[in-house]
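**Student:** So you can see what is in the structure, the chains are spelled out below.
Protein chains: 2
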Amino acid sequence: MNPGSLDALIDALKCLPGVGPKSAQRMAYHLLQRDRKGAQKLGESLLNALTALRPCARCNTFTEAEVCERCLSPKRDATSLCVVETPVDMNMMEQTQAFNGLYYVLMGRISPLDGQGPTQLGLDKLLKRVDDGVVQEVILATNYTNEGEATAHYLSELLKARGIKVSRIARGIPVGGELEYVDAGTLAQALRERRGIEG
Amino acid sequence: MNPGSLDALIDALKCLPGVGPKSAQRMAYHLLQRDRKGAQKLGESLLNALTALRPCARCNTFTEAEVCERCLSPKRDATSLCVVETPVDMNMMEQTQAFNGLYYVLMGRISPLDGQGPTQLGLDKLLKRVDDGVVQEVILATNYTNEGEATAHYLSELLKARGIKVSRIARGIPVGGELEYVDAGTLAQALRERRGIEG
Ligand SMILES: [Zn+2]
Ligand SMILES: [Zn+2]
Numbered sequence: 001m002n003p004g005s006l007d008a009l010i011d012a013l014k015c016l017p018g019v020g021p022k023s024a025q026r027m028a029y030h031l032l033q034r035d036r037k038g039a040q041k042l043g044e045s046l047l048n049a050l051t052a053l054r055p056c057a058r059c060n061t062f063t064e065a066e067v068c069e070r071c072l073s074p075k076r077d078a079t080s081l082c083v084v085e086t087p088v089d090m091n092m093m094e095q096t097q098a099f100n101g102l103y104y105v106l107m108g109r110i111s112p113l114d115g116q117g118p119t120q121l122g123l124d125k126l127l128k129r130v131d132d133g134v135v136q137e138v139i140l141a142t143n144y145t146n147e148g149e150a151t152a153h154y155l156s157e158l159l160k161a162r163g164i165k166v167s168r169i170a171r172g173i174p175v176g177g178e179l180e181y182v183d184a185g186t187l188a189q190a191l192r193e194r195r196g197i198e199g
Numbered sequence: 001m002n003p004g005s006l007d008a009l010i011d012a013l014k015c016l017p018g019v020g021p022k023s024a025q026r027m028a029y030h031l032l033q034r035d036r037k038g039a040q041k042l043g044e045s046l047l048n049a050l051t052a053l054r055p056c057a058r059c060n061t062f063t064e065a066e067v068c069e070r071c072l073s074p075k076r077d078a079t080s081l082c083v084v085e086t087p088v089d090m091n092m093m094e095q096t097q098a099f100n101g102l103y104y105v106l107m108g109r110i111s112p113l114d115g116q117g118p119t120q121l122g123l124d125k126l127l128k129r130v131d132d133g134v135v136q137e138v139i140l141a142t143n144y145t146n147e148g149e150a151t152a153h154y155l156s157e158l159l160k161a162r163g164i165k166v167s168r169i170a171r172g173i174p175v176g177g178e179l180e181y182v183d184a185g186t187l188a189q190a191l192r193e194r195r196g197i198e199g
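Chains as they are written, first to last, in full-length UniProt numbering: chain A, 1 to 199; chain B, 1 to 199.
Some hints could be false.
Repeated chains share a single entry, so a pair holds when one copy, or any two copies, can fit it.
With a cut-off of at most 27 angstroms between alpha-carbon atoms, the simulated DSS-like pairs for lysine-lysine come out as follows [unchecked claim]:
#  : residue 1 : residue 2
1  : K125      : K37
2  : K14       : K75
3  : K14       : K37
4  : K37       : K22
5  : K128      : K165
6  : K128      : K14
7  : K41       : K22
8  : K41       : K160
9  : K128      : K75
10 : K165      : K22
11 : K41       : K14
12 : K14       : K160
13 : K41       : K125
14 : K128      : K41
15 : K165      : K125
16 : K75       : K37
17 : K37       : K160
18 : K165      : K41
19 : K75       : K165
Think of the hints as simulated: they come from the structure by calculation, not from any bench.
No experiment lies behind these values; they were computed from the predicted model shown.
Using the sequences and the hints given, assemble the complete structure.
**Tutor:** Structure, rendered in structure tokens:
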């Protein structure tokens with residue numbers, strides 16, 4: 001019913017997460033009719049990103065070089081390595097300005113339902129990274145979801161077996177959080193993981 | 001914080017309707033990490049569609065030729081011209097299999113709030129199309145929204161002044177619709193526009 005190149009575009013837009021046939025159609029017409037410059041920019045930046053970006057040889061995040069700028073920075077504390085699931089999580093950690101070590105980005109998590117086991121995560125690269133003779137502590141900052149927890153558990157066993165000091169970011173009441181509005185599971189954990197008060 | 005080509009991609013994805021900074025970021029990582037083939041296909045089909053598609057010289061919809069296949073088809077009744085807002089609306093009409101005439105696609109509607117007046121709609125092309133000496137009736141099938149109604153009203157005045165027979169698709173209770181679940185405005189219109197029963 002549509003010209004081939006239009007159907008091809010609508011079909012290709014469906015590869016975007018959360019975009020079904022209806023939105024793909026709406027997006028295609030919007031781009032062609034109202035934002036041809038934006039469409040041109042998007043097409044070019046997609047093809048450019050695909051050729052320009054690759055995993056950093058050290059931290060596994062996307063970079064245009066062999067090793068990313070952060071991994072090369074002499075200002076970072078190379079003895080502390082923080083493991084996160086995604087580049088977005090790494091950016092969230094950076095925004096806290098509470099961590100000055102280096103990162104390793106898993107680019108995923110252990111998720112048997114999605115066919116993502118330890119093998120698919122390519123953990124050899126992490127183990128090799130940790131064995132650089134400089135890293136002294138690995139901080140596991142995967143999500144506190146079931147999958148993130150399973151990933152953290154798996155990694156901690158793996159790393160502890162190699163004699164590496166492993167820690168996990170704390171879980172509890174959010175800063176500014178009122179007990180009344182915190183779910184029971186979080187509250188129970190906060191109670192179990194209570195800390196002694198000094199002085 | 002991110003490499004330039006990654007930031008450029010995230011930024012470009014924001015040109016898609018309904019995609020904000022958070023989804024743009026999620027989409028970029030998804031494409032780069034999980035669907036590079038899809039990303040390649042999307043980039044290529046965007047650039048290809050931009051060069052391949054243009055407005056049909058007769059009906060104004062997207063086509064790869066000077067005049068689209070439907071406009072050239074000898075099987076269609078060229079005396080009847082149906083005016084719709086978008087190519088999607090045209091496809092909806094086609095799916096009814098209740099119309100065998102030709103179309104004119106406005107690629108928009110009169111919408112003063114969006115700065116879309118009659119001038120922006122390029123109605124000269126429609127008037128020229130209607131003046132081919134073959135068209136006998138123009139059926140206005142714009143939406144029954146305020147904007148679609150305003151567009152139909154404007155067009156009907158314009159076309160009637162040129163001595164062309166103009167009609168509007170009917171409004172009323174949807175087929176299978178129960179009065180209990182139809183909004184009061186629709187019901188009121190269905191009452192006002194009631195038809196005499198033959199026989
Ligand atoms: Zn790196
Ligand atoms: Zn046409």
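**Student:** Please go over all the hints and tell whether each is borne out by the structure.
**Tutor:** We went through each hint and held it up to the structure:
1. In this assembly of identical chains, the alpha carbons of K125 and K37 lie at most 27 angstroms apart only when taken from different copies (24 angstroms versus 40 angstroms within one copy).
2. Taking the shortest Cα distances, K14 and K75 never come within 27 angstroms of each other, neither inside one copy (43 angstroms) nor across copies (33 angstroms).
3. For a Cα distance limit of 27 angstroms, the shortest separation of K14 from K37 qualifies both inside one copy, at 21 angstroms, and across copies, at 13 angstroms.
4. Taking the shortest Cα distances, K37 and K22 sit within 27 angstroms of each other both inside one copy (22 angstroms) and across copies (22 angstroms).
5. Proximity of K128 and K165 under a CA criterion of 27 angstroms is satisfied intra-copy only: 15 angstroms inside one chain copy versus 78 angstroms between copies.
6. For the homomeric pair K128 and K14, neither the shortest alpha-carbon distance inside one copy (37 angstroms) nor that between copies (37 angstroms) is at most 27 angstroms.
7. In this assembly of identical chains, K41 and K22 lie within 27 angstroms of each other by CA distance both inside one copy and across copies; the values are 23 angstroms within and 19 angstroms between.
8. In this assembly of identical chains, K41 and K160 lie within 27 angstroms of each other by CA distance neither inside one copy nor across copies; the values are 47 angstroms within and 43 angstroms between.
9. Only within a single protomer do K128 and K75 lie at most 27 angstroms apart by alpha-carbon distance; the minimum there is 22 angstroms, versus 69 angstroms between protomers.
10. Taking the shortest alpha-carbon separations for K165 and K22, neither the intra-copy value of 51 angstroms nor the inter-copy value of 34 angstroms comes in at or below 27 angstroms.
11. With identical chains, the CA atoms of K41 and K14 are at most 27 angstroms apart both within one copy (19 angstroms) and between copies (11 angstroms).
12. For a Cα distance limit of 27 angstroms, the shortest separation of K14 from K160 qualifies neither inside one copy, at 43 angstroms, nor across copies, at 43 angstroms.
13. For a Cα distance limit of 27 angstroms, the shortest separation of K41 from K125 qualifies neither inside one copy, at 34 angstroms, nor across copies, at 30 angstroms.
14. In this homomeric assembly, K128 and K41 never come within 27 angstroms of each other (Cα to Cα): the closest approach is 38 angstroms inside a single copy and 34 angstroms across copies.
15. For a Cα distance limit of 27 angstroms, the shortest separation of K165 from K125 inside one copy, 18 angstroms, qualifies, whereas the shortest one across copies, 73 angstroms, does not.
16. Proximity of K75 to K37 under the C-alpha cut-off of 27 angstroms is found in neither arrangement, the shortest distances being 40 angstroms within a copy and 37 angstroms between copies.
17. For the homomeric pair K37 and K160, neither the shortest alpha-carbon distance inside one copy (53 angstroms) nor that between copies (38 angstroms) is at most 27 angstroms.
18. Proximity of K165 to K41 under the C-alpha cut-off of 27 angstroms is found in neither arrangement, the shortest distances being 46 angstroms within a copy and 44 angstroms between copies.
19. For the identical chains of this complex, K75 and K165 are intra-copy neighbours only, at 22 angstroms inside a copy versus 77 angstroms across copies, given an alpha-carbon limit of 27 angstroms.
In the structure shown, a violation is registered for the earlier hints numbered 2, 6, 8, 10, 12, 13, 14, 16, 17 and 18, in ascending order.
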